[in-house]
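Top to bottom, those sequences are chains W and X.
If you read the first sequence in the working numbering, its first letter stands for residue 1, the second for the next number, and so on.
If you read the second sequence in the working numbering, its first letter stands for residue 1, the second for the next number, and so on.
Hints are computed from structural coordinates only; laboratory data are not their basis.
Beta carbons are placed, not taken as given, at the ideal position from N, Cα and C, and that holds for glycine.
Watch out, some of these pointers could steer you wrong.
To be verified - Residues from chain X that keep clear of chain W, each with C-beta distances beyond 12 Å, as calculated:
1. 44
2. 75
3. 81
4. 119
5. 123
6. 162
7. 163
Unchecked claim - Taking lysine-lysine pairs in the DSBU-like style, the calculated list, with each CA pair at most 30 Å apart, reads:
8. X/15 <-> W/240
9. W/398 <-> W/257
10. X/66 <-> X/18
11. W/257 <-> X/15
12. W/398 <-> X/15
13. X/80 <-> X/66
14. X/80 <-> W/466
15. W/257 <-> X/66
16. X/150 <-> W/466
17. X/66 <-> X/150
18. X/18 <-> W/262
19. W/240 <-> X/150
20. W/240 <-> W/257
21. W/344 <-> W/141
22. W/264 <-> W/192
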Amino acid sequence: MNVDDLEELADKHRQEQAGITTEVRVCTAASCQSSGALPVFEALNANRDEQEHANCRIKSVGCMGLCSAGPLVAVASTDAPLAEAQLYRDVSAADAPDILTSAKTATPLERLHCPNDMPFFARQQRIVLENSGVIDPNSFKGYVAVGGYQAMVTTLTEMTPAEVIAEVTTSGLRGRGGGGYPTGLKWSTVAKMPAGQKYVICNADEGDPGAFMDRAILESDPHRVLEGMAIAAYAIGANKGFIYIRAEYPLAVERLKTAIRKAKRAGFLGHHICETEFNFDIEIRLGAGAFVCGEETALMASIEGGRGHPRPRPPYPAASGLWGHPTLINNVETYANIAPIIRKGGNWFAGIGTEGSKGTKVFALAGAIRNTGLIEVPMGTSLRDIIEAIGGGIPGDKAFKAVQTGGPSGGCIPEAHLDIPVDYDSLKTLGTIMGSGGMIVMDETSSMVEVARFFMEFCMSESCGKCIPCRAGTAQMHELLDRIAKSTATHKELALLEELCEVVRATSLCGLGQTAPNPVLSTLRYFRAEYEQRLRHQDAA
Amino acid sequence: MTIQRSRPSLPSNDKRWKLVNATMRRSGYAAHALIEALHSVQDAFGYLDEDAMIFVADSLDLPLSKVYGVATFYHLFMLKPQGRHSCVVCTGTACYIQGAGSLVEGLEQRFGVNPGETTADGALSVMTARCVGACGLAPAVVIDNQVFGKLNNDALNAKLEQEIAQ
Numbered sequence: 001m002n003v004d005d006l007e008e009l010a011d012k013h014r015q016e017q018a019g020i021t022t023e024v025r026v027c028t029a030a031s032c033q034s035s036g037a038l039p040v041f042e043a044l045n046a047n048r049d050e051q052e053h054a055n056c057r058i059k060s061v062g063c064m065g066l067c068s069a070g071p072l073v074a075v076a077s078t079d080a081p082l083a084e085a086q087l088y089r090d091v092s093a094a095d096a097p098d099i100l101t102s103a104k105t106a107t108p109l110e111r112l113h114c115p116n117d118m119p120f121f122a123r124q125q126r127i128v129l130e131n132s133g134v135i136d137p138n139s140f141k142g143y144v145a146v147g148g149y150q151a152m153v154t155t156l157t158e159m160t161p162a163e164v165i166a167e168v169t170t171s172g173l174r175g176r177g178g179g180g181y182p183t184g185l186k187w188s189t190v191a192k193m194p195a196g197q198k199y200v201i202c203n204a205d206e207g208d209p210g211a212f213m214d215r216a217i218l219e220s221d222p223h224r225v226l227e228g229m230a231i232a233a234y235a236i237g238a239n240k241g242f243i244y245i246r247a248e249y250p251l252a253v254e255r256l257k258t259a260i261r262k263a264k265r266a267g268f269l270g271h272h273i274c275e276t277e278f279n280f281d282i283e284i285r286l287g288a289g290a291f292v293c294g295e296e297t298a299l300m301a302s303i304e305g306g307r308g309h310p311r312p313r314p315p316y317p318a319a320s321g322l323w324g325h326p327t328l329i330n331n332v333e334t335y336a337n338i339a340p341i342i343r344k345g346g347n348w349f350a351g352i353g354t355e356g357s358k359g360t361k362v363f364a365l366a367g368a369i370r371n372t373g374l375i376e377v378p379m380g381t382s383l384r385d386i387i388e389a390i391g392g393g394i395p396g397d398k399a400f401k402a403v404q405t406g407g408p409s410g411g412c413i414p415e416a417h418l419d420i421p422v423d424y425d426s427l428k429t430l431g432t433i434m435g436s437g438g439m440i441v442m443d444e445t446s447s448m449v450e451v452a453r454f455f456m457e458f459c460m461s462e463s464c465g466k467c468i469p470c471r472a473g474t475a476q477m478h479e480l481l482d483r484i485a486k487s488t489a490t491h492k493e494l495a496l497l498e499e500l501c502e503v504v505r506a507t508s509l510c511g512l513g514q515t516a517p518n519p520v521l522s523t524l525r526y527f528r529a530e531y532e533q534r535l536r537h538q539d540a541a
Numbered sequence: 001m002t003i004q005r006s007r008p009s010l011p012s013n014d015k016r017w018k019l020v021n022a023t024m025r026r027s028g029y030a031a032h033a034l035i036e037a038l039h040s041v042q043d044a045f046g047y048l049d050e051d052a053m054i055f056v057a058d059s060l061d062l063p064l065s066k067v068y069g070v071a072t073f074y075h076l077f078m079l080k081p082q083g084r085h086s087c088v089v090c091t092g093t094a095c096y097i098q099g100a101g102s103l104v105e106g107l108e109q110r111f112g113v114n115p116g117e118t119t120a121d122g123a124l125s126v127m128t129a130r131c132v133g134a135c136g137l138a139p140a141v142v143i144d145n146q147v148f149g150k151l152n153n154d155a156l157n158a159k160l161e162q163e164i165a166q
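With the rest of the complex left out, here is chain W (with noise of 0.2 Å):
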């Protein structure tokens, strides 16, 4: 199979829908189901009537981002991107005869509009989620027509495995899941080590509380995700990939389920795919709820079956990954940007964004914000247009105080440093970092002492046990920092918790210790007067 084939598939998969001019698109992703949208969807269907209806169908459709509004429903037409639809909010199942006599008629419903020129959809750029709440996760079909595997088929058939490396390295990518190492360096590392048995392995193991996003694209656009794990396999030379993915996460792991088992039956996975020499199997693994599996190669034991301990690097996974064998390991949103990089190029994906953070960023809104849900922004966008302009700004009248990115390895920003472009390294000369793209939003009745304490609760609870500075600094930070919450402690003390960040930062084996004081300095660095107010003043030095 070459591109024209492909191009004839997707045309014949259009061609079948021809009939078709409106689609009531209703998402079924994990939010807007706990919402009630799955009664929504059976009320359209029910009330869907075969002749009256027949130019319209009733198609379920991942996250469209406003999780707040849910359950949404969007009428469009076939295929056309979110920006084009007519967005409803709040829609319950007593809706459905409404929702579709107005489609088949074309005039908006105004008492359930959702206006999809607002802010918090105009100023995003959708590149990772262009099919997300456009197309059904479930169908293959689907994503051939709006142009799926393209990418994947191109790269099979036109490309060498150097010229797909050069073309993610021109890109400028770089990893997802929060490290930010560069994509394309990594790939090149992998594919120099000598031709043998290697390993595609995708993170789905989104465990930063506050983060959803990849959970999002994989319930939204699963295939997507299969296109460039498979992409990387063949600049990498592997045949085999894995998927680890929370258990958390039922609805991403049957999705992915079904994606993977069609996309085996249609050729695009397995032996062969696509009539070229080449071979890849996607296997998926399910995590069992231990938030250190995030650190690869904690995650790589827990593949092989064991208790998830990290271990010293180097050797790097690059050389010695799962089994002893060469593997690559990336995150879910950095392998969902694969295919457009293939499709429209390196040098497109470069031009977005800022100089040393290419393309744009999906970030998780939570919190303290009007608008909770997904958004997908260029790098470089300031806070203050996410949190302000995007968010809706904080409800309730009340004061924003800070907002926290990366999770339990990450800070808080405050006010004062809002206008800052973000991308990696910006966030990074905040004390801060991008971490996976959870945001959380605090206004002035959260007491930064006590967030810093739930974090390290957190990490306390999440070590691993292997090395003592992690195991017993973590319990020590908390203990201490329980003290001050409470107003029991000194100023002596507090130096004290400061000196162990710095042990703790410095001696611990993986990522989740050596980050575990994040949370604390940057509350330290920017609300230290909190911190301070609730010491004993008696003891004051």
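Following the hints, position chain X against chain W.
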């Protein structure tokens, strides 16, 4: 010469063991199937008891200590029987900010159980999760595998009472 080990026989006539055995057979009884095997035991029986761990250890030719080590390392694996209904309060950051702590306290007051415990009548197990990824609906609670968002104490207690009464 390779010695062909015989597989242990199923612990009882309970058909659920066949499901567990099938999971291990699919991966050729390889040691790396351990976590998958434990998942399938928990899916079938609700928790991992000693018999199950011994059976899995023998089937995969692993020391029981390794099986126990893995079972206790991961938070999701339960070593005690669970209540008929489960209530998992998400304590991720967004839910924490929006008051997950008070939900946990409310459950303690109403049902007398702390996270990780089951009510004396076996009706309800209360747990906490690190993040269920429903941050847009914080605070979120998972009741019998169904996610409910934007809950307060009264709504949560009412929902649970209704579930238990059914």
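**Violated constraints from the hint list, given by number and in increasing order** = Failing hints, ascending: 2, 8, 9, 12, 16, 17 and 19.
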